[in-house]
Amino acid sequence: MYTSKLYSWKFVLPAFLLFFALFLVPNLMGFYYSLTNWNAMSDQVKFIGLDNFRDVFADKSNFTSIYNTLMFALVTSIFKAVIGLGLALMLNEGIKSKNFLRTIFFMPVIISNLIVGLIFQQIYNPDTGILNGFLDVVGLGAFSQAWIADPKLAIWSGMGVEIWKAAGFNMVIFLAGLQMVPKEMHEAAGIDGANYWNKLIKITIPFLLPSITINMLLNVISGLKVFDVIFALTNGGPGRASEVVNLTVFNQFGLGTYGYATALSVILFVFLIIISIGMVKIFTRSEVKEG
Amino acid sequence: MTRKHTMINVTKEICMWILSLIILIPVAMLLLNSVKNVTESASMSLKLPTSFHFDNFVTVFKDGNILRSFWNSLLISSLTSVITIITSSMAAFVMTRNRTRLNRYIYILFLIGLIVPMNYITTMKVLQMLHIINTFTGIILLYSATFIPFTVFLFYGFVSGIPKELDESAVIDGSGGGGLFFRIIFPLMKPVSVTALIINFLNCWNDFVLPLYFLNSSGKWGMIMTMYNYFSQYISSWNLVSAAMLINLVPILVVYVLGQKYIISGMTAGAVKG
Chain A
1 MYTSKLYSWK
11 FVLPAFLLFF
21 ALFLVPNLMG
31 FYYSLTNWNA
41 MSDQVKFIGL
51 DNFRDVFADK
61 SNFTSIYNTL
71 MFALVTSIFK
81 AVIGLGLALM
91 LNEGIKSKNF
101 LRTIFFMPVI
111 ISNLIVGLIF
121 QQIYNPDTGI
131 LNGFLDVVGL
141 GAFSQAWIAD
151 PKLAIWSGMG
161 VEIWKAAGFN
171 MVIFLAGLQM
181 VPKEMHEAAG
191 IDGANYWNKL
201 IKITIPFLLP
211 SITINMLLNV
221 ISGLKVFDVI
231 FALTNGGPGR
241 ASEVVNLTVF
251 NQFGLGTYGY
261 ATALSVILFV
271 FLIIISIGMV
281 KIFTRSEVKE
291 G
Chain B
1 MTRKHTMINV
11 TKEICMWILS
21 LIILIPVAML
31 LLNSVKNVTE
41 SASMSLKLPT
51 SFHFDNFVTV
61 FKDGNILRSF
71 WNSLLISSLT
81 SVITIITSSM
91 AAFVMTRNRT
101 RLNRYIYILF
111 LIGLIVPMNY
121 ITTMKVLQML
131 HIINTFTGII
141 LLYSATFIPF
151 TVFLFYGFVS
161 GIPKELDESA
171 VIDGSGGGGL
181 FFRIIFPLMK
191 PVSVTALIIN
201 FLNCWNDFVL
211 PLYFLNSSGK
221 WGMIMTMYNY
231 FSQYISSWNL
241 VSAAMLINLV
251 PILVVYVLGQ
261 KYIISGMTAG
271 AVKG
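Protein chains in written order, with our numbering: chain A, 1 to 291; chain B, 1 to 274.
Derived by calculation from the structure, the hints in this document are not laboratory data. Everything numeric in this text was worked out from a predicted model, so none of it was measured. A hint or two may mislead.
Calculated cross-link-like contacts (lysine to aspartate or glutamate; reagent style EDC-like; alpha-carbon spacing at most 20 Å) [to be verified]:
(1) A/Lys5 / B/Glu40
(2) A/Lys98 / B/Glu165
(3) A/Lys152 / A/Glu187
(4) B/Lys12 / A/Glu93
(5) B/Lys220 / B/Asp63
(6) A/Lys199 / A/Glu187
(7) A/Lys199 / A/Glu93
(8) A/Lys202 / A/Glu187
(9) A/Lys202 / A/Glu184
(10) B/Lys261 / A/Glu184
(11) B/Lys4 / A/Glu93
(12) B/Lys4 / A/Glu187
(13) B/Lys47 / A/Asp192
(14) A/Lys183 / A/Glu93
(15) A/Lys202 / A/Asp192
(16) B/Lys125 / A/Asp43
(17) A/Lys60 / A/Asp43
(18) A/Lys5 / B/Asp63
(19) B/Lys47 / A/Asp51
(20) A/Lys96 / B/Glu13
(21) A/Lys5 / B/Glu168
Only part of the chain A face toward chain B is listed, based on derived beta-carbon distances under 7 Å [claimed, not checked]:
(22) Leu18
(23) Phe19
(24) Pro26
(25) Gln122
(26) Ile221
(27) Arg240
Negatives, chain A to chain B, calculated, CB over 12 Å [said to hold, decoys possible]:
(28) Tyr67
(29) Ile110
(30) Lys199
Ideal placement from N, C-alpha and C gives every residue a C-beta, glycine not left out.
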């Protein structure tokens, strides 16, 4: 009876208004402006139908950018989760300094992407960088590369930075998930003669499915939105070889071709919605099966 | 048996320490080069400096506009965090307690906000129409708008755990909705508020994308943008750039070490509940 008075809609209003006006409205406007010739040069905004989308797909280098973004999301998601899982399993119990080590492995998550990108620019330097230096010292000098100067390699080097930065995040999610695995089950399996790998695959991993879901979902979402790491590391170069969609948007913004840039943003929006919904569907189904 | 176990654990520990060098070496590289001279720092190697130049930090403090940008960062990050926390906790409170269909839909919209990207170009248009582009007000409200979905999500899970009986007893004592929330519920949400404060503060402090798009006047830049500007100006003096980066990193690392428990609990809270 008192519910609507006690829990008034006025409490929701400030948060919703801010979110609505500065996040939802721009996104909705994007759908309209992507169909116009909006640009910095003229005041008139004219409706031009799907021309921007046609132009986007007519430009071959945009394919590189879209392909890079999808590959970036896919590869970094898998490696972040696998490395994060490995770290979590190692640091879950047994080791004395585990809390200190967790602090170290999580640290890159809270460091600014800009600083990380700029530091790795130096690490990847073919002549003076410490990565090639290290390879020389351990006798793998043959594997030295022009990590970010080689157009074929640049985006992969960018993925390396992202994995370096965010594997620790996956680790803490997995560590939280590992606390849900009942110890008794491991003990019982041990008595039955199961070895480490049996226990890992038959007991631990099924209990970790929710953590795997959330990690993969967050990894893919942040992977598709990638901007700062690539901006700082290669700025899309050499040429446009390591460009990602959000960087193309930023560059087009700088050129003043707003309608075109908005069309690219809309494409990214659609990708994110489809891929996220698809992933949620796939993962929830597999969880139900296991359960 | 136990001896074998200790052996395994010691081996594990040693391996993990070696592995942690992958994280520590880039930081060490930054530390070492921030106290070298220009020529030595040009290669950003891990060699020890021949002489220690702590004056690099003095140089950066003198002409990097660092101090002003520090205050800018502090202003933007704290106001953003406060606005985000108050609005999000209020919204989450009412949405969990009063589960009308409308509130459900609004919550789903917030969740969608966690997934979809921001449309930077049209956001610029909206900021122009509201006459808050290139202002502190604009950037603070914009940060709040982008952080609200995550923060609402964080509070939503927490409020569900606060017993509803508390509300009823407060009402019997004569509290209205506002009194109930600010005097009873909000103080109970302290742990999650601290978490939200730290995470939003760090995200805001570290972000440079929004200023890149929406803050053109260097006088309003925070530390990250000023550091970036410094980097482009002194691109060949890596000793100074390293020093500027460290000045930027130290406040973040201090907050991290002190608030680590809160950061991790906040980031995993959503994950565990799905």
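Outcome of the hint check:
As the CA atoms of A/Lys5 and B/Glu40 are separated by approximately 69 Å, the hinted pair breaks the 20 Å bound. For the hint linking A/Lys98 to B/Glu165, the alpha-carbon distance of about 41 Å lies beyond 20 Å, and the restraint is violated. For the given pair, A/Lys152 sits about 49 Å from A/Glu187 by alpha-carbon distance, which is inconsistent with the 20 Å threshold. About 11 Å separates the Cα atoms of B/Lys12 and A/Glu93, which keeps this hinted pair within 20 Å; it holds.
Only pairs whose Cα atoms come within 20 Å are accepted, and B/Lys220 paired with B/Asp63 is accepted, the gap being roughly 16 Å. For the proposed pair A/Lys199 and A/Glu187, the alpha carbon gap of about 10 Å is at most 20 Å, so the pair holds. Under the criterion of a C-alpha separation no larger than 20 Å, the hint pairing A/Lys199 with A/Glu93 is consistent with the structure, at around 15 Å. Of the pairs offered as hints, the one joining A/Lys202 and A/Glu187 holds, with about 13 Å between alpha carbons and a cut-off of 20 Å not exceeded.
Simply put, A/Lys202 and A/Glu184 have alpha-carbon atoms about 14 Å apart, close enough for the 20 Å limit, and the pair holds. For the given pair, B/Lys261 sits about 27 Å from A/Glu184 by alpha-carbon distance, which is inconsistent with the 20 Å threshold. Distance restraint check for B/Lys4 and A/Glu93: the Cα-Cα separation of roughly 16 Å lies within the 20 Å cut-off, and the hinted pair is therefore satisfied. Between B/Lys4 and A/Glu187 the alpha-carbon distance is near 17 Å, which keeps this suggested pair within the 20 Å criterion.
Using a Cα cut-off of 20 Å, the hinted pair B/Lys47 and A/Asp192 is violated, with the two alpha carbons roughly 54 Å apart. For a cut-off of 20 Å, the pair hint linking A/Lys183 to A/Glu93 stands: about 12 Å separates their Cα positions. Pair hint A/Lys202 plus A/Asp192 holds up; C-alpha atoms about 13 Å apart against a cutoff of 20 Å. Annotation: proposed proximity of B/Lys125 to A/Asp43 holds, straight-line Cα distance about 13 Å (limit 20 Å).
Between the alpha carbons of A/Lys60 and A/Asp43 the distance comes to roughly 29 Å, so the proposed pair goes past 20 Å and is violated. Restraint check: the Cα-Cα separation between A/Lys5 and B/Asp63 comes to about 57 Å, which exceeds 20 Å; the hinted pair is violated. Restraint check: the Cα-Cα separation between B/Lys47 and A/Asp51 comes to about 56 Å, which exceeds 20 Å; the hinted pair is violated. Note on A/Lys96 and B/Glu13: the hinted pairing holds, with a Cα-Cα distance of about 8 Å set against a maximum of 20 Å.
Restraint check for A/Lys5 and B/Glu168: satisfied, since their Cα atoms lie roughly 13 Å apart, inside the 20 Å limit. For A/Leu18, the interface hint holds, the least distance from its beta-carbon to any beta-carbon of chain B being 5 Å, beneath 7 Å. The restraint placing A/Phe19 at the interface with chain B holds, with a minimum CB-CB distance near 5 Å, inside the 7 Å limit. Evaluation of the A/Pro26 hint against chain B yields a held restraint, the C-beta minimum of about 4 Å falling below 7 Å.
Hint status for A/Gln122: holds, given a least beta-carbon distance of 4 Å to chain B, under 7 Å. A distance limit of 7 Å between C-beta atoms decides the matter here; for A/Ile221 the minimum to chain B is near 6 Å, and the interface restraint holds. The closest approach between the C-beta of A/Arg240 and any C-beta of chain B is roughly 19 Å, which is over the 7 Å cut-off, so the hint fails. Under the 12 Å C-beta cut-off, the non-interface status given to A/Tyr67 relative to chain B holds; the minimum distance is some 18 Å.
For A/Ile110, the shortest C-beta to C-beta distance to chain B comes to about 5 Å, within the 12 Å cut-off, and the non-interface label is violated. Its beta-carbon lying about 15 Å from the closest one in chain B, A/Lys199 satisfies the requirement of being farther than 12 Å from that chain.
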